[in-house]
Amino acid sequence: MTPQIAVFLVLAAMAVAGAVSLILQRHPIHSALSLIVVMVSLAGLYLLLGAEFIAAVQIIVYGGAIMVLFVFVIMLLNAGEEERTNVSRMARFVGVPLGVMFLLEVAYWIARATSHLAPPAAQLVSTRDLSTLLFREYVFPFELTSFLILIALLGALVLARREDSD
Amino acid sequence: MSLPLQDLCRVAPEIVLCAFAMLVMLLAPIVPRARHGILSTISVLGAGIALAATRFPAMYPGAAYSGLFRADAFSLFVHWIVCGAAFLVILGSTSYLQREDLDAGEFCALILLATAGMGIMAGAQELLTAFIGLEMSSIASYILASYKRDAPRSNEAGMKYFLLGSFATAFFLYGIALFFGASGSTRLDMMTPLANDSARTLLKMGLGFIFVGLAFKVAAAPFHLWAPDVYEGAPAPVTALLSTGPKAATFALALRILADVGAASPLWFWALWVAAVLSMFAGNLAALVQTSLKRMLAYSSVAHAGYILVALATAAATDHAEAGIAAALFYLVGYALVQLGAFLIVAQLGGPGERHVEIEDFAGVARRQPAMAACLSLFLLSLLGLPVTVGFLGKFYVFNAALESNLIWLAILLGLNSVIAAYYYLRVIVAMYMLREPEQEIAAEPVPWTLSLVLWIASMGTVYIGLFPARVIGFAAKAALNMR
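As given, the protein sequences belong to chains A and B, one line each in that order. Each number in my numbering corresponds to the 1-based position in the first sequence with 1337 added. Each number in my numbering corresponds to the 1-based position in the second sequence with 11 added.
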């Protein structure tokens, strides 16, 4: 086992454990903290793949800025512990087995498909190459994203606005 | 290398839509609330100008922005549907917004931006661009579905749509990732021959995930369970938009993938077959027992997605897919006109707060509002597929295309389902014309002229295209040929 694979396994296990804990925690703050674990381990995975810029962005934007916002919102809403509802019988006896089967199947096919693939030559994509690609070839979807964010902003405004008193 | 100016011309409708959306957003805080009608007017104008701006991509067809977007007859055709739908919905919802005391500014801006997203889906030649278009239309739809914030039903609709929609989006995105892993590119039109079996397996998985994501967005069974609740809870004009524009754009994206990615056809064929049959039966059988007209129309729209999927299965079955693609495009036009009209009538006749949307509330509408009853009957008959209406020809072309590519069973099931559907469409017409009015009087509100205009356009279109389909089907065939 090469060191890369060992690091990968540790990071992947962290990411999955964080994601599971994110769902199972009862308190929103604990969920948010679990999400940070997921974000940071993902950043580690990106670094392992040689995508240092993405890894840095992942930490700064997702692990940092967005998580701060999440925590702020949870604090402001003063959200307490979630109440558990009983999981429906349908979900427990049909949904869960089907979900597990689906997961295993996808894992099986991906494992089968990638076992023959030669490992790609380790190549570092420089930030300069990335920006050339982003601002030349992919400038159209890049600009469109601004409208996507505008829609989300507009949505937050519409849904969160206080009712006019008039 | 093409000139940037030509690139701009090719996305002219989107530029117009986004510009008008921003103009409306800027004006919304300035214009006093009592005069918000102006914002609707500007937005209607914007949608109209966008419709006219399709002249530019028609004049300069070709690839834009390093081939990520393509202006051709196909994308032009879909642009007409989505821009036309936005035009009619904004115009038809003006009076509704005033009646329900909802803000017109954000409502119209969201519709315009969603429409821009749909236009991008229609022309996207690359999956990430398509994804952003899809998300623009989806996120705007989630917000619009819960636009009536003080109505619990509307909130529930928005929440359900958002949660399930995000789940479907994750499927779509994972599909793109696998697609990229297999082919080394997210471009649809420049599929390199795949290196080996492993790449082919990955591509198949990717296409499978993408199929799930798209099937959710068009509310095809077995991914349709959100549709009745969302269509019922959302404000009726929003439902009118949801069941037409995004559906047309998503079908367009599916057709584009079918046409460009060779591996998609054999893989998707059975998936499309099964989804088509399930949607037709699930939609029609569930619609039989509904008591709310909105819910019934929601299930009927699931069934109609099934009919369009028959056309897609036809396109996937043979090497010359043109007949299937043309049939799907023609069907989408007819369906959009009729569905829009029907939901806008429900919005009007439902009265304040949309309290009277049960089928029994429609008893005796023919006496109270004869013109509305006549329009709604025409639309329902077109959904049913009666000759002289556009719905008949839509079904006829799909049926024909299925027969030509030897999909006899699909054709038979389509015919059978049209008969089942007759029951619940006719039930509404019987209620309107033959049943006695309910005990407590439902006040007949005067029909605003904007809505009259929309209904006039929709019913004229239904009959006109039903009688003289040559131009529309001719253009649909040209669009289908032009795709490859």
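Since the hints were derived computationally from the structure, they do not count as laboratory data. One or more hints might be untrue.
[As the list claims (entries may be wrong)] With a Cα cut of at most 25 angstroms, we get these calculated SDA-like pairs of lysine to any residue:
| hint | chain 1 | residue 1 | chain 2 | residue 2 |
| --- | --- | --- | --- | --- |
| 1 | B | Lys171 | A | Gln1362 |
| 2 | B | Lys171 | A | Phe1345 |
| 3 | B | Lys171 | A | Leu1487 |
| 4 | B | Lys171 | A | Arg1426 |
| 5 | B | Lys171 | A | Ala1416 |
| 6 | B | Lys215 | A | Leu1490 |
| 7 | B | Lys171 | A | Val1347 |
Please list, smallest to largest, the hint numbers that this structure does not respect. Result: hints 2, 6, 7 break, sorted rising.
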